[in-house]
Amino acid sequence: MSNWRHMMPTTEAYLLDKVLYRLHHNAEDLAAYNADKDAYLARYALPPRLAAMIGGNDVAGLYEAGVNPYLLRAHCIGVRIPEDVSLAALRSLMKEGDDKWLK
Amino acid sequence: MAEVTGIYTASHTPVMLNFPDRIPPALRAEIFGAYEAMGRDFEAGRPDVLIVLSNDHLHNFFLNNFPALCIGVADSYESPIEHWLKAKRRTFAGDQALGAFLLQEALEAEFDPAFSMEMVLDHGSLTPLELAGLDPDLPIVPILFNCVQPPMPTMRRCHRFGRFLGQALRRYQGVERIAILATGGISHDIATPRMGMVNRDFDETLLALMEAGDHERTIDYATANVHTAGNGAEEIRMWMAAMGAAGDLPFRRTYYRAVNDWYTGIGIGRFTRHGDAHG
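Chains as they are written, first to last, in the UniProt record's numbering: chain A, 1 to 103; chain B, 1 to 279.
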């Protein structure tokens, strides 16, 4: 597997990245998000599918959409998704042979 | 003319501070001991200033404006920027004059770094300094490479920048002694399906090539194989830069262990003359 989903981010990934970046660099944004996710996410003109990925803690979906991995990681820790839950979601995407050089 | 008193390479990961208990206490003590030993070695060289080669993990820079390379020219740097990092806040003194010198020299040498007069450093700079127990008043100049969002500068370009850096530092007349810490890597994956599966073979090969002193083969190996070692392994760009800065000084690893439960191949090393106490 490659280290990266995209060698240049898509606009979709950029929009997701922007939400995660703001959430974890502005305390007011994170507080507003924690108080009412839907209302907070409505501030962005995100397609509903993308908003649902963030609001639903869809770690696997966000990874596949090409969210920057450091923003995804910060988000998992920052909104307290349990470590084993986020790891399991990511590992569910492991394909046959992805770990061949690790054996 | 400044003396470069030591050039070190060391991994960094927030997991060390956030989830220390995910590994057994004896292993944790061994790793923390290796960082402390690096810190003592640093201090033996009595540096006046420390160059920190590291990377920003999308905190100071975002995709609306992301520099390939950025030289810090602030007179102080707060840290950490992560609200979720379990570290006490601290402020590093910045060596603004040295930062400005390097910026100007880099431009003269036809590198085109960005510069920043205000950055809040993240775990990538804070963690190794904290674990090494370095004098909190030692001034620093952070130089941050993009290793976190493609497209990124090539391994070779980072090595070339390091070569420039080593030469420029040795010409500098503002202080007597300068140390360099290059931090990041080695094998690790952040938020991917491979997270927690360290590629030990990659790490061992990279360290062996560096110890053999063959810069060209090391750069070629890093370029061709980094995709097998994880997105976090892209941070070996700073190791390439350290190698460039070291020139013909030999490299020796001082610690390595693949720590799957900390998601990282933890490597520490230094470029030193044989038998030299502090390089």
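The set of hints was computed from the structure by calculation and includes no laboratory data. Possibly wrong hints are sitting among the right ones.
Derived pair list, reagent style DSBU-like, types lysine-lysine, alpha-carbon separation capped at 30 Å [said to hold, decoys possible]:
1) Lys18/A <-> Lys88/B
2) Lys37/A <-> Lys18/A
3) Lys95/A <-> Lys18/A
4) Lys37/A <-> Lys86/B
5) Lys86/B <-> Lys18/A
Some residues of chain A that are not near chain B, with every Cβ distance over 12 Å (derived) [what the hints assert, rightly or not]:
6) Ala32
7) Arg43
8) Tyr44
9) Pro47
10) Ala52
11) Gly55
12) Gly56
13) Ala74
Derived coverage of chain A by chain B (criterion: at least 3 residues anywhere in the stretch with Cβ under 8 Å from a Cβ of chain B; other residues may be distant) [to be verified]:
14) 13-24
15) 85-94
Glycine included, each C-beta is placed from N, C-alpha and C at the ideal position.
Do the hints match the structure? See the list:
1. Lys18/A <-> Lys88/B: The given pair, whose Cα atoms are some 27 Å apart, holds under the 30 Å limit.
2. Lys37/A <-> Lys18/A: At roughly 15 Å apart (the allowed maximum being 30 Å), Lys18/A and Lys37/A satisfy the hint.
3. Lys95/A <-> Lys18/A: holds, 29 Å
4. Lys37/A <-> Lys86/B: Holds. Lys37/A to Lys86/B sits at ~25 Å (cutoff 30 Å).
5. Lys86/B <-> Lys18/A: holds, 24 Å
6. Ala32: holds, 15 Å
7. Arg43: holds, 17 Å
8. Tyr44: Since the minimum Cβ distance to chain B is about 15 Å, Tyr44/A lies beyond 12 Å and the statement holds.
9. Pro47: Given a closest Cβ separation of 18 Å, the condition holds.
10. Ala52: holds, 19 Å
11. Gly55: Holds, since 18 Å exceeds 12 Å.
12. Gly56: About 17 Å separates Gly56/A from the closest Cβ of chain B, which puts it past 12 Å; holds.
13. Ala74: Given a closest Cβ separation of 7 Å, the condition is violated.
14. 13-24: Satisfied; 5 residues make the cut.
15. 85-94: holds (count 7)
Checked against the numbered hints above, the structure breaks only hint 13 and satisfies the rest.
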